[in-house]
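**Student:** Those protein sequence lines, which keep their order, are chains B and A. Quick note on numbering: our numbering labels position 145 of the first sequence as 145, and the sequence is numbered without any gaps. Quick note on numbering: our numbering labels position 74 of the second sequence as 686, and the sequence is numbered without any gaps.
These aren't lab readings, by the way, just hints derived from the structure by calculation. For clarity, every value in this text was computed on a predicted model and none was experimentally measured. Just so you know, even glycine gets a beta-carbon here, dropped at the ideal spot from N, CA and C. Hints may be right or wrong, so weigh each one.
Label pairs and their computed distance ranges (CB to CB) [what the hints assert, rightly or not]:
| hint | chain 1 | residue 1 | chain 2 | residue 2 | range |
| --- | --- | --- | --- | --- | --- |
| 1 | B | Q249 | A | E701 | 17 to 27 Å |
| 2 | B | E602 | A | E701 | 41 to 51 Å |
| 3 | A | D682 | B | E206 | 26 to 36 Å |
| 4 | A | A681 | B | D158 | 34 to 44 Å |
| 5 | A | A681 | B | M96 | 45 to 55 Å |
| 6 | B | G335 | A | E701 | 29 to 39 Å |
The residues making up each chain are set out below.
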Amino acid sequence: MPENGLHSSMSFESHGDQCERIQAILAATADGLIVIDALGCVELVNPAAAELLGHAVDDLLGREVDPQALLGLDEPFENGVAVEVARSEPEHRVLMVRMNRITGHDGEPAGQVISIHDITAEREAAVMKNEFVSMVSHELRTPLTSIKGYVDLILDEDAGEINEMQREFLGIVQENSNRLVSLINDILDISRIESGRVHLRVEPLEMNEIVQGVVDTFRAVAKNSEIELTWVAEDPLPRAAGDRDRIGQVLMNLVSNAIKYSPGGGSVTIRARQDGEEVVVSVHDTGIGISAEDQEKLFTKFYRVDSSLTRDIGGTGLGLSICKSVVELLGGDVGCESEAGEGSTFWFSLPMASCEIVRKPELEGPLESAGGLVLVVDHDPSTCELISTYLCKRGYDVEYAHSATEAHEKALRLQPRAITLDVMLEEDDGFELLHRLKDDSRTCDIPVVVLSVVCDEGRSLRLGAANYLEKPIDQARLTRIVDDLVGGQEAPLVLVVDDDRSIVGAMSNTLRAKGFSTIAAYDGREAMAAIEEHKPDLILLDLMMPVMDGYQVIQEVKSSEETKDIPIVVMTAHRIDRERTDLLELAAEQLRKPFAVEDLVERIEQFLTEEV
Amino acid sequence: MGRILVVDDEPHILKLVSFSLERKGHEVFQATDGVAGLKVAAEEKPDLILMDVMMPVMTGYDALDRLKADPKTCDIPVVMLSAKSQHYEQEEGLRRGALQYICKPFTPRDLAETVNSILVGEE
């Protein structure tokens, strides 16, 4: 048996001595050890193993055992992988158990060794540590309430007048008690994260919204520190999966650091972009930069870059550590890139929301375009195309104009039903164009929707714009606005939900030929996404679907104030689940498959006219 | 100006809150545990109760439950004042029927403003 050191060093001794030695070694080992032979019988067991499992050594020796059942595991052992198991018999214990296969000389399986390590005390210590931290932080708050409260009262001169020096000194006490409060909050936060007691509400996040919110929060602070705060958003940016509050907290932390460590006159730039199946947000500053050595330790607890600059900057030294834990809990990553003197870039990434990775259901317009002509004015050809895709799907014809002159000429000549206008035209002023269109009796009746990256709503409307939409453009809002302006032309929108794609395809085509717009969804989750985004006029719904079935869709649609009035027509080939018929009663109508598509269309038409 | 009951087992905090509110012209009643708080609440029928959570004899939550269960006191708004600052702890307070939940440490001025806005809203 040459494969481990223990045996090879004893190979000179007689067989009997060897057994004695092995017994003695096993008996002296604190961890439990069980050796099972090729036939599945216990060959060796030490007292620690017997005690941990609540058996006598003699009960186990020679007995045929199933290792999984013996240790109380939910799943079979995997060779060499340690698993944690909680046992209540003979007493509460948490064990780390591992199985290693023994292979014989001939390469055949020769049994297995199971090691059992008792980690009950460690687990209890971790729980105690967290309870302790939580208790201490509560206990600290009480005296702090008095210190802070009475200092606040004196500073407010509620206890009589104070002189300037007293004000200054008490101000220092106040600042430091505030710092203690942040420290306590951060420690409590870290302790909760480490013990896994933090509740994360993961939902699809519009990262641009979060960035915008954080920028708004820090605008005044940045201005006071004479730092230019800007953000660059990739558009469109897929939604990330994360916890809104926590990710806001992470970004606030990074931006707050960036502002703190940048000298006056510098700039802080936030970027949100897509990278593969992740959304990455980075914060770049023009500060002094961080050495490679410090970069490694930045995300550890209580670490602060030691330099003359940082000493007078308050902070707990826990912020980045909390950021790292939160982002990692959400399945993302954090990091920092910097060169001394070149500023620093802190970034975090989050996985893309799963609904972004599955297909995003797209709206398709009626087969014959019935909407009329829309003139799209934008200097950027790719934006023109994007808007055109949105509008064509909705049944409109689209014509482009890239300059003010071209736009005015086309508006006169083509008399479009509506105009979308990006006021940031390359060489001309969009507002001037808007003014000219509204001033000319031949074009003044054409409704204009202003699209802009900057907030110009007031000015646009004053100049006669019919509506205003901020970029990035929201497809649903744009089409709704145009539909409203053009008036009466809107094709009713039917959402077709079925996991059988051929049914969806056939149904959609028939409906589109009859002048409906359609969206296709192949499971309940896709359907819910489409309902949220497009607010269809009617839902055609299959019941048996993967991921999320039709019953759940009915339940969700009918329980939301915004969607509960959308009629649902259920189509099913199956017998209806008796226990869930109450849900079906909420749906408007049921259709048994197979049915004639023509028949269906007629009933949908009836339905929608009744609704109106 | 209102009649306000403050319940807290910490004498310094009791004094801090009382002082801040009296300065603003409110009449303040004090109690140092839940049982005493309930007694004063029943006798004085205050316009508002500020209540600590962790107290001896009877906790603030037990007192809150009884206040809300008693038709004579169930309409008095209760604001919890607690060192328990976690989100779920705040939610628990609101779920049990507190009007607001203020975390310690608080700033006396903010507290007085909150009290004022509640009293104005109640009128």
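**Student:** Now, for every hint given, state plainly whether the structure supports it.
**Tutor:** Here is how each hint holds up against the structure:
no., hint, result
1, B:Q249 / A:E701: 17 to 27 Å, "holds, 18 Å"
2, B:E602 / A:E701: 41 to 51 Å, "violated, 58 Å"
3, A:D682 / B:E206: 26 to 36 Å, "violated, 47 Å"
4, A:A681 / B:D158: 34 to 44 Å, "holds, 37 Å"
5, A:A681 / B:M96: 45 to 55 Å, "holds, 49 Å"
6, B:G335 / A:E701: 29 to 39 Å, "holds, 34 Å"
Hints 2 and 3 from the earlier list are contradicted by this structure; the remaining hints agree with it.
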